[in-house]
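Peer 1: Chains as they are written, first to last, in the numbering used here: chain A, 105 to 364; chain B, 4 to 272; chain C, 5 to 153.
Fair warning: there could be bad hints in the mix.
[Said to hold, decoys possible] Far from chain A, some chain B residues (derived; all Cβ distances over 10 Å): (1) Gly-45; (2) Ala-83; (3) Arg-85; (4) Glu-86; (5) Met-88; (6) Gly-89; (7) Ala-96; (8) Pro-110; (9) Leu-135; (10) Met-142; (11) Ala-155; (12) Lys-186; (13) Leu-191; (14) Asp-205; (15) Glu-208; (16) Ala-263.
[As the list claims (entries may be wrong)] Example chain C residues on the side facing chain A (calculated, C-beta under 7 Å, incomplete): (17) Ile-10; (18) Glu-11; (19) Phe-17; (20) Leu-25; (21) Gln-137; (22) Ala-139; (23) Met-140; (24) Gly-152.
[Stated by the list, open to error] Away from chain A, derived, C-beta distances all over 10 Å, residues of chain C: (25) Gln-7; (26) Val-14; (27) Met-18; (28) Ala-20; (29) Gly-21; (30) Gln-31; (31) Val-32; (32) Gly-34; (33) Gly-55; (34) Asn-96; (35) Gly-121; (36) Asp-123; (37) Leu-124; (38) Thr-132; (39) Ala-150.
Hints were generated in silico from the structure; no laboratory data involved.
Note that the Cβ used here is the ideal one computed from N, Cα and C, for glycine as well.
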Amino acid sequence: MLDRIAALGRLTLAVVASLGRSGRFLAGVLAGVPSPSTGFPLLVRQIYAVGVLSLAIVVVSGLFIGMVLGLQGYTILTDYGSEAAIGQMIALTLVRELGPVVTALLFAGRAGSALTAEIGLMKATEQLSSMEMMGVDPLRRVIAPRLWAGFIAMPVLALIFSVVGVWGGMLVGVDWLGVYEGSFWGNMQSSVDFMDDVMNGVIKSVVFGFVCAWIAVYQGYDCVPTSAGISSATTKTVVYSSLAVLGLDFVLTAVMFGDF
Amino acid sequence: MGSDAYISLKDVVFSRSGRRIFDGISLDIPRGKVTAVMGPSGTGKTTLLRLIGGQLKPDSGSIRVAGYEVPTLKRRELYALRERMGMLFQSGALFTDLSVYENVAFPLRVHTRLPEDMIRDIVLMKLEAVGLRGARDLMPSELSGGMTRRVALARSIALDPELIMYDEPFAGQDPIAMGVLVKLIRDLNHSMGLTSVLVSHDVPESLSICHYACIIADGKVIGQGTPEELQAHPSEQVQQFLQGQPDGPVPFHYPARSTARDFGLGGEA
Amino acid sequence: MAQRTIEIIVGLFMIAGLAALLFLALQVSGLSPKAAEETYTLYANFNDTGGLRPRGRVSMAGVTIGTIDSITLDKDTFQARVAMSIHASVDNIPADSAAVIRTSGLLGEQYIDISVGGDLESLKDGDTFYSTQSAMNLERLIGNFASGR
Numbered sequence: 105m106l107d108r109i110a111a112l113g114r115l116t117l118a119v120v121a122s123l124g125r126s127g128r129f130l131a132g133v134l135a136g137v138p139s140p141s142t143g144f145p146l147l148v149r150q151i152y153a154v155g156v157l158s159l160a161i162v163v164v165s166g167l168f169i170g171m172v173l174g175l176q177g178y179t180i181l182t183d184y185g186s187e188a189a190i191g192q193m194i195a196l197t198l199v200r201e202l203g204p205v206v207t208a209l210l211f212a213g214r215a216g217s218a219l220t221a222e223i224g225l226m227k228a229t230e231q232l233s234s235m236e237m238m239g240v241d242p243l244r245r246v247i248a249p250r251l252w253a254g255f256i257a258m259p260v261l262a263l264i265f266s267v268v269g270v271w272g273g274m275l276v277g278v279d280w281l282g283v284y285e286g287s288f289w290g291n292m293q294s295s296v297d298f299m300d301d302v303m304n305g306v307i308k309s310v311v312f313g314f315v316c317a318w319i320a321v322y323q324g325y326d327c328v329p330t331s332a333g334i335s336s337a338t339t340k341t342v343v344y345s346s347l348a349v350l351g352l353d354f355v356l357t358a359v360m361f362g363d364f
Numbered sequence: 004m005g006s007d008a009y010i011s012l013k014d015v016v017f018s019r020s021g022r023r024i025f026d027g028i029s030l031d032i033p034r035g036k037v038t039a040v041m042g043p044s045g046t047g048k049t050t051l052l053r054l055i056g057g058q059l060k061p062d063s064g065s066i067r068v069a070g071y072e073v074p075t076l077k078r079r080e081l082y083a084l085r086e087r088m089g090m091l092f093q094s095g096a097l098f099t100d101l102s103v104y105e106n107v108a109f110p111l112r113v114h115t116r117l118p119e120d121m122i123r124d125i126v127l128m129k130l131e132a133v134g135l136r137g138a139r140d141l142m143p144s145e146l147s148g149g150m151t152r153r154v155a156l157a158r159s160i161a162l163d164p165e166l167i168m169y170d171e172p173f174a175g176q177d178p179i180a181m182g183v184l185v186k187l188i189r190d191l192n193h194s195m196g197l198t199s200v201l202v203s204h205d206v207p208e209s210l211s212i213c214h215y216a217c218i219i220a221d222g223k224v225i226g227q228g229t230p231e232e233l234q235a236h237p238s239e240q241v242q243q244f245l246q247g248q249p250d251g252p253v254p255f256h257y258p259a260r261s262t263a264r265d266f267g268l269g270g271e272a
Numbered sequence: 005m006a007q008r009t010i011e012i013i014v015g016l017f018m019i020a021g022l023a024a025l026l027f028l029a030l031q032v033s034g035l036s037p038k039a040a041e042e043t044y045t046l047y048a049n050f051n052d053t054g055g056l057r058p059r060g061r062v063s064m065a066g067v068t069i070g071t072i073d074s075i076t077l078d079k080d081t082f083q084a085r086v087a088m089s090i091h092a093s094v095d096n097i098p099a100d101s102a103a104v105i106r107t108s109g110l111l112g113e114q115y116i117d118i119s120v121g122g123d124l125e126s127l128k129d130g131d132t133f134y135s136t137q138s139a140m141n142l143e144r145l146i147g148n149f150a151s152g153r
């Protein structure tokens, strides 16, 4: 019994210590603002790695999710004779929820795990250490550009996801199932508000991007520098990011759309 | 060696995850000479280099490098001091996403504002010194182990440091590559007047190039002096290490319960 | 890959993001690019606003001419007071027009429809509609029908 309590205590201490380490790590990363001349090319390179290279998976998923929404929405709404409302349904679901959330999940799986593995491997092969010994702070040189890149790329990806999804929904709803195009867009436009829906979705994706990138670089930086350690850190990145995104989504939705 | 010491450690105690790695170690490393730090695997030789480089902090004791007390330095001062140090890691630690040329140019680009053609000249000079000027366009993954270490060596001397630390430079090298490295270390020390610290457990190679050597075991310095003094050292432990005898003061067996009890022969289990 | 190529690709990526935002703003949420139109405020009192919401639309003959600003309770009359912003271009609503709450379709949202009167006077900023018609309440309707009143 006492052993169990001790184990619980140990676990709690480990979690708190890890949270503290990651917070201090974040402070260290954010404190060192790299000079624009060296920092900008590094940032561009990382936006390419985490953003542009994630584009394909985001576009394809967005297209299919939009098409599925169109199909499902049509079969349900047609029972009430209001299939013209699928435009509004697709747009609201995508812009408010699926755009930011699914993009963040894909981002964690595609870019987050790659970031963790890359940084973990740099640690295992002593590249971070040797950088430190050359008088270069790896937090600024390696970690900061990756963190900022995730922060910047994520909203862009989420926006593209939503647009492609709306287009996919239109493809199914209008071109295939024959919903009148005017009422498709009209319903959508009268129910989607730019500030309340689109911008809130963007804010969500900014938060998700930051959290996913933070978890990914921290797990890489903090991993045990062995092959087993890197693989477990990569798994942790995907699991923690997904949980954090879904949990935060609830909190953000409650704050933004719940009137209380 | 006293006043001439570039690095001096006094009563350094360091422990990691409850295990005491250094138990009051004191060591002086003279300026402009090659000093070898030897000892069995797992005695914290690499840890010693990390302490000198300020990547780890000792529990107590003083570490002075070039007159600076390393553990108390502020971040900025520490990074400034590190620009005067070079370190050759065991794995080479080349940046895998940069070519050989860019790897060597990296410290120059970060720490200096030299024009591109000057950087090019310096990089080619450093690569020439390690005999790899022709390999400048290769990626680190295309290099052999020995070449990787030579490129890493070129990179660590790019800024003309005062001190260079070698972490196991000979481990896992074929005899030719080993010979090349021995020659390079000796030449660099000669031509540039570098203070060199060499951490290794390859006794003959280390003794052949060092001016001074010291042997660490069980968290203490068990013997130090010139290679000749060490060869004639009275301590059994030193002799066992130098000659590679399988049994001696460092026992062959890991500490265990008595044979009789483990095999269930001693009666009471 | 050369740094320049990467910079160009990343630039295109950011432009794609901006284009997506623009698309969501203009095509999906119907934000009109011109600056917010001049409006003036009219009021109407209802016994029951039903599911009417702020930001709902105000229309005349099916054409949107404004939006609902706020819905508050008048504590003296116990009626709901609805404030509407009407586009300044529609400045000739006859003073005896009625504000009617209607539902678009069976399940659609509720909006205010203005049935045009015949007065020569027009409503000015701050005026209140004289005649209104509250939301059709399906339950009450059925209740009335069942009790035979």
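Peer 1: Determine for every hint whether it applies to the structure shown.
Peer 2: Against the structure, the hints come out as follows:
1. Distance check for Gly-45(B) against chain A: the nearest CB is about 16 Å away, which clears 10 Å, and the non-interface claim stands.
2. Listed as a non-interface residue, Ala-83(B) fails to keep its Cβ farther than 10 Å from every Cβ of chain A; the least gap is roughly 7 Å.
3. Once the 10 Å rule is applied to beta carbons, Arg-85(B) is inconsistent with being away from chain A; the minimum gap is 4 Å.
4. Remark: the non-interface label on Glu-86(B) conflicts with the geometry, its nearest Cβ contact in chain A lying 4 Å away (cut-off 10 Å).
5. With a closest Cβ-Cβ approach of about 7 Å to chain A, Met-88(B) is found to fall inside the 10 Å limit, against its non-interface label.
6. At roughly 8 Å from the closest C-beta of chain A, the C-beta of Gly-89(B) falls inside 10 Å, breaking its exclusion from the interface.
7. For Ala-96(B), the non-interface assignment is contradicted: its Cβ lies about 4 Å from the closest Cβ of chain A, within the 10 Å cut-off.
8. The claim that Pro-110(B) lies off the interface is violated: its Cβ sits roughly 5 Å from the closest Cβ of chain A, which falls inside the 10 Å cut-off.
9. Under the 10 Å C-beta cut-off, the non-interface status given to Leu-135(B) relative to chain A holds; the minimum distance is some 18 Å.
10. Distance to chain A confirms Met-142(B) as a non-interface residue, since its nearest Cβ pair spans about 14 Å, more than 10 Å.
11. Here Ala-155(B) does not stay apart from chain A, with its beta-carbon only about 8 Å from theirs, under the 10 Å limit.
12. For Lys-186(B), the requirement that its beta carbon stay farther than 10 Å from each beta carbon of chain A is met, with the minimum near 23 Å.
13. Residue placement check: Leu-191(B) keeps its beta carbon more than 10 Å from all beta carbons of chain A (closest about 17 Å).
14. Here Asp-205(B) stays apart from chain A, with its beta-carbon at least about 20 Å from theirs, past the 10 Å limit.
15. Every CB of chain A is more than 10 Å from the CB of Glu-208(B) (nearest about 22 Å), matching its label as outside the interface.
16. Non-interface call for Ala-263(B) relative to chain A: holds, since the shortest CB-CB distance, roughly 33 Å, exceeds 10 Å.
17. A distance limit of 7 Å between C-beta atoms decides the matter here; for Ile-10(C) the minimum to chain A is near 5 Å, and the interface restraint holds.
18. With a cut of 7 Å, the hint placing Glu-11(C) at the interface with chain A holds, because the nearest CB-to-CB distance is about 5 Å.
19. Checking Phe-17(C) against chain A: minimum C-beta separation of about 5 Å stays under 7 Å; hint holds.
20. The restraint placing Leu-25(C) at the interface with chain A holds, with a minimum CB-CB distance near 5 Å, inside the 7 Å limit.
21. Here the hint on Gln-137(C) is broken, as its CB sits about 22 Å from the closest CB of chain A, past 7 Å.
22. For the restraint placing Ala-139(C) at the interface with chain A, the shortest Cβ-Cβ distance is roughly 19 Å, beyond the 7 Å limit, so the hint is violated.
23. Interface restraint check for Met-140(C): the shortest CB-CB distance to chain A comes to about 18 Å, outside 7 Å, so the restraint is violated.
24. Below 7 Å, beta-carbon pairs count as interface contacts, and Gly-152(C) has none with chain A, the closest being about 31 Å; its hint is therefore violated.
25. Its beta-carbon lying about 6 Å from the closest one in chain A, Gln-7(C) breaks the requirement of being farther than 10 Å from that chain.
26. With a minimum CB-CB distance of about 5 Å to chain A, Val-14(C) fails to clear the 10 Å threshold, and the non-interface call is violated.
27. Distance check on Met-18(C): its Cβ comes as close as 6 Å (rounded) to a Cβ of chain A, failing to clear the 10 Å threshold; non-interface status is violated.
28. With a minimum CB-CB distance of about 6 Å to chain A, Ala-20(C) fails to clear the 10 Å threshold, and the non-interface call is violated.
29. Chain A draws Gly-21(C) into its interface by the beta-carbon criterion, the shortest separation being 3 Å against a cut-off of 10 Å.
30. With a minimum CB-CB distance of about 7 Å to chain A, Gln-31(C) fails to clear the 10 Å threshold, and the non-interface call is violated.
31. Residue-level check failed: Val-32(C) sits 5 Å from the nearest beta carbon of chain A, not beyond 10 Å.
32. Against the 10 Å criterion, Gly-34(C) falls within the reach of chain A, whose nearest CB is about 3 Å from its own CB.
33. Chain A leaves Gly-55(C) outside its interface by the beta-carbon criterion, the shortest separation being 14 Å against a cut-off of 10 Å.
34. Every CB of chain A is more than 10 Å from the CB of Asn-96(C) (nearest about 25 Å), matching its label as outside the interface.
35. Every C-beta of chain A lies more than 10 Å from that of Gly-121(C), the closest at about 27 Å, which supports listing it as non-interface.
36. For Asp-123(C), the non-interface assignment is confirmed: its Cβ lies about 30 Å from the closest Cβ of chain A, beyond the 10 Å cut-off.
37. Distance to chain A confirms Leu-124(C) as a non-interface residue, since its nearest Cβ pair spans about 33 Å, more than 10 Å.
38. Its beta-carbon lying about 26 Å from the closest one in chain A, Thr-132(C) satisfies the requirement of being farther than 10 Å from that chain.
39. A cut-off of 10 Å between C-beta atoms confirms that Ala-150(C) is not in contact with chain A; the least separation is 25 Å.
Figure legend: structure checked against the earlier numbered hints; hints not met, in rising order: 2, 3, 4, 5, 6, 7, 8, 11, 21, 22, 23, 24, 25, 26, 27, 28, 29, 30, 31, 32.
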